[in-house]
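Student: In case you want the letters, here they are:
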Amino acid sequence: MEIPILSIVTFLPLAGALLFIFINRDKENLLRYLALFISIITFIVSLYLYFNFNAQTPDPQFVEKGPWIGYGINYHVGIDGISLYLVLLTTFLMPIVILSSWTYIQNRVKEYLIFMFLLQTGIIGVFVALNLFLFYVFWEAMLIPMYFLIGIWGGKRKIYATVKFVLFTMLGSLLMLVAIFYMYNLFYKATGTYSLNIFDYYRMILNPNVQVWLFLAFGLAFAIKVPMFPFHTWLPDAHVEAPTAGSVVLAAVLLKMGTYGFLRFAFPMFPDALQKFLPVLGVLCIIGIIYGGLMALIQKDVKSLVAYSSVSHMGLIMLAIFALNLEGIEGGIYQMLNHGLSTGALFLCVGILYERSHTRLIKDFGGVSKQMPIFSAFFLVCMLSSVGLPGLNGFVGEILCLFGVFKANKVLAILGVTTVILAAAYLLWMFQRVMQGPITNDKVRSFKDLNLREIAYLTPIVILMFWMGIYPQTFLRKMDVSVSNLVNQVNRKEAIFTEAKKENKPPVNMHVLTENEKDKDPIAKEDKESQ
Amino acid sequence: MTDYFWLIPLIPALSTLILVLFGQKLPKKYVSFQACFAVFASFAISVISFIGLLQTSHEHLPIIKNLFSWIYAGNFQADLALQLDPLSSIMTLVVTGVGFLIHVYSVGYMADDEGYTRYFTYLNLFTFAMLILVMGSNLVVMFVGWEGVGLCSYLLIGFWFDKHSAANAGKKAFIVNRIGDAAFLLGIFFIFINIGSGEFSIINQAIGSGAITQSLATLIAILLFVGATGKSAQIPLYIWLPDAMEGPTPVSALIHAATMVTAGVYMVARMNVLFTFSGSANSVVAIIGAVTAVFAATMALTQNDIKRVLAYSTISQIGYMFIGCGVGAYAAGMFHLYTHAFFKSLLFLAAGSVMHALSGELNMQKMGGLRKYLPLTYPTFLIGAIAIAGIPFLSGFFSKDAILTSAYANGQYLVWALGIFGAVLTAFYMFRLIFLTFFGNERLEPAAKSHLHESPPAMTIPLVLLAFFSIVAGYVGLPVVVGKNLDFFGRFLEPVIHKAHEVHLSLGTEWMLILISVAVAVTGIFIAWVFYIKNPKIPPNLVARFPGLYKILYNKYYVDEIYNTLFVNSTIKGSEIVYDHFDLKVIDGAVNGSAKATNFFGKILSYFQTGFIKDYALIFLLGAILLLGYLLF
Amino acid sequence: MIPLSYFLILSIILFVLGAIAFFVKRDLITQFMAIEIMFSAANLAILAFAKAATSLDGQIIVFFVITVAAAEAAVGLAIILLIFRQKKTIKSEDIKLMKG
Amino acid sequence: MNTFYALFPLLIIVAASLLVMILEVFFKREDRSYLAYLSLLFLIASAAACVKFWNKGYSYFDGNLSLSNLSLFFCSILIVATFLVILISMKYLTLHSANYGEYYALLLFALSGMIIMVSSSDLIVIFLGLEVLSLSSYALAGLRREDEKSNEAAIKYFLLGSFASAFLVFGIAFLYGATQATAIPSIIEGLKTGSSIGTLGLVGLGLVVIGFGFKVAVVPFHMWTPDVYQGAPTPITAFFSVGPKAVGFAVLLRIFIPYFQDALESQLLFGLLWIIAAITMIAGNLIALRQTNVKRILAYSSIAHAGYLMVAILAKDILGLVFYLTAYLFMNIGAFAAVIALGKKDHEYLELEDYRGIGFRYPWIGATFAVFLISLAGFPPTGGFLAKFYVFSAAVRQGLVSLVIIGVLASLVSVFYYLRIIIYMYMREPAYEVDINYDNPSLFLALFLCLYGVLQLGIFPGNILVLIRQAVAALPFL
Amino acid sequence: MAHFLFFLLAIICIASVLGMIISKDQAYNALFLIVAFVCMGGLFALLEAPFIAAVQIIIYAGAIMILFIFVIMMINLRKGVGPEKKRWTVYFAVVIAFVLIAELVLTVKGTLEPISSAAVEKLGNPTDLGRLLFTKYLYPFEITSILIIAALVGAIVLVKKRDKE
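Residue numbers (the numbering used here), protein chains in the order written: chain A, 1 to 531; chain L, 1 to 633; chain B, 1 to 100; chain F, 1 to 478; chain E, 1 to 165.
Quick caveat, the hints were computed from the structure, so don't treat them as lab data. The structure displayed is predicted, hence computed values, not measured ones. Cβ coordinates follow ideal geometry from the N, Cα and C atoms, glycine included. Not one of these hints is a red herring.
Pair ranges (Cβ atoms, derived): (1) 94(B) with 586(L): 47 to 53 Å; (2) 193(A) with 574(L): 54 to 60 Å; (3) 477(A) with 589(L): 44 to 50 Å; (4) 28(L) with 107(A): 44 to 50 Å; (5) 99(B) with 131(E): 49 to 55 Å.
Derived DSBU-like pairs (lysine-lysine); straight-line CA-CA distance at most 35 Å: (6) 91(B) with 160(E); (7) 28(L) with 448(A); (8) 96(B) with 596(L); (9) 370(A) with 25(L); (10) 149(F) with 614(L); (11) 161(E) with 91(B); (12) 300(A) with 596(L); (13) 449(L) with 534(L); (14) 24(E) with 614(L); (15) 96(B) with 614(L); (16) 366(L) with 449(L); (17) 88(B) with 86(E); (18) 443(A) with 573(L); (19) 88(B) with 345(F); (20) 65(A) with 478(A); (21) 585(L) with 573(L); (22) 585(L) with 363(A); (23) 372(L) with 537(L); (24) 28(F) with 344(F); (25) 161(E) with 24(E); (26) 109(E) with 192(F); (27) 502(A) with 189(A); (28) 603(L) with 88(B); (29) 192(F) with 316(F); (30) 372(L) with 551(L); (31) 65(A) with 189(A); (32) 448(A) with 300(A); (33) 603(L) with 585(L); (34) 366(L) with 537(L); (35) 99(B) with 161(E); (36) 56(F) with 136(E); (37) 24(E) with 85(E); (38) 300(A) with 363(A).
For reference, chain A alone in the conformation it holds in the complex (with noise of 0.2 Å):
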């Protein structure tokens, strides 16, 4: 028996979570200390998982599976070259979230960091999790630490904000839920066994009608979560309320669930519906990219501009991937990674003038630049990463989103690459307004530069900007066979439908590969000869 390794990395901060239950509230300090203590812990061990990945095989690989309730739900938990990456992601932000908010949180410090914890945990198992019931847990679980965090620790309209986000994600989750049962019926009525193993879920070839809906159902959830234009408005007050670190991880990660939610669940399930949406989803995702840039372009609040322009990040990422290619894809994922470190850092550098300023109206500020000259270094390279300059991480995203769309679509290429010019554009203008010219307000002179704490949770990020920026490989290569295999998995089951198209068979309401007829399907061939 090996170690569950994964598990651990799951489990650790919730164990972190219990434990601090039972220490003194007024030990602040020491609860911060363990608190990155455990994050940090957290990190070098999920550093194994990606020591020790096997890039060569599109199987989820540190599987643990495990009985759990029964009848189809149980404990499976996996990760593939797609979800390496993001629960490295959200294992690597904790510990910088944590030092962000040494001191900006300063009362109910123990119930922030329990908090912060559960949603760690919640966020890492929505990435492992390979039963839909295990992943429906996380994915809802996880918003309940989101709700407390935006809720206490954050603006004039916290409460309104959180609100919008609970209800406007639980509207898209539980819509999913019911697809959930409807496939997890069906899946009985086809073999008799119970089963939420989403690779069983992804041998099932259901009718092109009931995909619809089921795709539908999911997308709705993801779409939600992302956001995609124009399920987005819950994104703007949530972001703006939030205290940094809830922003930073809302952003970082948890937008990534949408995304990978897509990639993970409604690809491969519902190739063919799928294919019937992409123009819709194609044209949404341009309108969000547009929009989300025009939008970010005159908003008067710093974060609420970083979360338009995480509107029309996202939606770049969305139409990557919906170019179903790998190049596409891999850049979607690249981007994901790379959104999240930006966009991530570029709220804590909001949460850094706030926290000297209690302000992040952009008139606010001007000329920061000249009291805080290490932070505008910092805030330059954060910016520019996610403006998508070369040498910057977010340049081979971007390249390769990009490219991708492009080789699916043209048109579609040539309206997203407003994105470069977007994003320079209100990008650069807010730095103009709040890093550059004169100072005008007196406040901004009583500024004192980052401190020690400060640099030491930028540098990871700036470093890793570059890193990923200038030698990709050591990202991408891990999962080149796991996207390569999403592709050719999406593919094959279009391939399989329009053949039944052209035979003319009666539309099969579902049909899941019994043992013997796997020897016969391309699918179940290449599983079995890669086992």
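Starting from the structure of chain A, add chains L, B, F and E where the hints point.
Tutor: Coordinates of chains L, B, F and E only, in the frame set by chain A:
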């Protein structure tokens, strides 16, 4: 001898890194020494590599050094690879050579600035990015440099970021460049899709073997050229360059005159096979270049800001380079690029020296008679002006003439005529500049006059050196009329620039063309002399006679304003309207509205909950009635 | 013989009248009386059915229902008394502290 | 086994209530908590008796008393519920000067009524059990005699309850007329084989639905619920929200699940229950949005939950229904326990405004309350989520997709008001001091037990599920 | 004869219930109710349930109504409370009454005629009833004891005078 060419960009990069990390703690002297030395080292290696290249046979070109695999995903594969061939070699020489001189100049120019270290960091970073641009062996790496120099340009224009105008100009430069970059990116994608690689050598081969159709080639070429118009400040994306003068003057010299802005020309030359294959794209390049050359020159006529005049002049001169490329004379275009680097940076540095002397004064109307105060600046400035004006025996003459001759030879008479017209204007505005600055009455502000002094040696030595090069640089590419095989420059580039078709003009025609261009240059100078020395009343009279024309020229055809209303303000206004009325009211309104509707239904339903037993019984009975009714009917 | 449906219809009428009385009356006691009528009406129906089925079971049911009604009367009247003691009213409309 | 033993679970409870009544006379007021301990002891004994009969499947009195696993499981959870209610009442009663020994007696009577109901399949017996339950309930609702709200709750509950009972009796009459039987299996058999008189049976069942619909509080027979819940003493409210609901559904389950299996006329009633389930889920949740009184919020929430449970009936999912009830028991009693915990002498904090900042002032109570609310809202990893998961997935299996969509959307609405309480507890600054009586060990024990139950059911429900599966396996119901 | 008796009792019964609805005075209401219950006892007897008829009269018309009258006397409202007079309530009441009656009648319409002929004379023998009660219905019969105790306790708890502490 070419083994270590890949170190050329890495040395400045290393220097940048050191300055970023430790710069704030290092002494000023060390900082400047390191920065200059890094560029000098690069220059030295460039020279060595250049010599090595001369000894390498054509078959071994280009020499490629693959540093590592960079972005690999599916069909999109790009190595981080550098290449050395004649084209890049020339560019490295120019970049590091001129760059070195400007670094040295900056030591003096920026001596008192508080952002000293930051300045040199940026400058080194720029050198690195520019070298990456010119040495990249594929489009993606080139794009890295392309954007990198854009970034440095942004940083350096906005170097004095606490000035609104500077910050604004930097941002404007970056964004306008990005518009071009977006098109450039699309061009790259087209190439990747259709050819499967971004390596220049592979692209050239593929085009040679007919991998793409001519119309596709045109499309790609135009897209790439749009990128070039952004970077090289051509119509319609030139508007950022005049504003870029907000940066320190050495920066204007290095980035906005000598190197970065010519990247577009370099790129077109680099992709010459594609452009030639397309044909129509070439015409576009030529026409845009010619129009820009004249257009920018007219705007330079009325400006009073020295640096702005020079900026428009740069735009105009780059237009000439594009004419060269557009008419197929890539070597001529590159040649002009090369000579322009010297004399334009000379002009800028000299202008900087003037400014330095006058404590930052830029307005020509407040100068005059500076000849005697600035004994070194004046002659060097004059040399630069003569060179750019196209007076024979100086570098500008040879290169410009080569371009115009090629244009004529290719039958692009309109382009040629525009070029000639531009040349008159060039000569005029340059000497207007000279006369207003160094001749005539002193119109100095008293405060400025008290500090009047010649610049320190760190600044003047580069001036002298550049002046020297402005004179002699042209002799590596002598025209045919002088001798058959004296165009060393063109021949050196031959392995890179595949001549599609060569048209030979008769010697007589060549001479005639030379004479015409000399004549127009002289005419321009003469008019300037008449206007500003002989009879200084003429310009005000002209202004009085043609106020409309003057106003248009003075206000640069209102292009900035038009762009602002057309693109910038309308976008912002439109976005604001959409935000207020659509995002908040419609989309968010739908979200909040559904919540409100839900609440409203709740309210209605709770009205039934009156608290009276009777009403409860009523509801109960109604429920029973409905229930039974449902069962019965 | 009286057709059993007569009994049934009578029982229905009484039941509905009881229900209506519960609805229209405004004092708690009479409302409770109305409920008693409804129980009785139900008893009548059961007995009619029992007769139809010629089975004694129905009568047993009625027996139990009467017991229940009696027990209810005890508790119900106690509650009404309690209300009267506290509020000095047995008007149904006065029971209005909680709503919404 | 001797019939006498079979009566043990019931008899122990009845004996306990009688004993409590007798002993009450001998105890001084301040010692009355011993009565509670005594009751708890008897409850444990009764539960043990239930366990004894597990997996035996005895049936006595011609099926009037059936000790099937399902009955026993219901008995057990009802005993647990009563156990918890007694725990949360002990201090409450002294704080609100209602420390009567009869309280426990009545509670135990109510429990005995419920046990009678769940362990029988004869409508007469069920009716009698229902009345035992109801009469005790009426009295319990009015137990805080000095409190006008309590009085009003009692009278409303009593009048409307009796009104509904009359409908139930009338329904039984019709069913008897249609099938000449009162035992549910015979009735179902009669209705299925068509040997009965169609319409009569149908309407009879409809009237029975009204009767039990009232008990379990489904729309439109729910009107009493909020008022009674608000007025009744809070532990009793907790009891009402769980006990009658559980038995109501136990009866509906016995009637309708076999009936729906493949009865000819079932389509009509199926549609009826479908509509009732839908409007119950919608209306319950919608009205709850408007409430500011925590008890009323929980009341409407319990109405909404009745809707979800109705879905389980329609889905013919006994497992889900039973599991749901079990989870619901813990989370709802837990929630009320938390409400009670926030009380002091003669005062309860029930308005939302009172809850400002409670979460940080009383972190343990706040946190547990939050967990119960989250569970009620159906978030994982709590019992509430798994319960909904089972019920809705079974419903989808039966093709009730649109009903499930209504259900999930309604529960989306519910999230708002559950979270609203949390908002007040954690996200608003307190406007005034809220001081509570903290000396309440039994309550905290109950809170802990409920918390444990909710989490155990949410995370590791395996053991309970095994039991429920065994319970369900003993179908059909006898 | 039987017909006549039935209709007589039925009409009296309905009339007294209507009287109860209309009348204001609670004492009258109680009296109307007694009349109705007595008539119902008669009807029970017509249905060959003499024992039940007796029980009906003794318990209902006797015991329960005495209880009612006691309470009424204890409360002794000076002004009676009539039925709701608001117009819409009355309309509602009438409409509901008719609809409900119609529905229920529709339910039972024609249900019983076919079997009603086979009436047996000795149906309501109290001995048989008693035997049945203690054999087949022993369990529910025992439950009634619990029921009554519970009711007793409930009633006492609610109205017993207690010393305030």
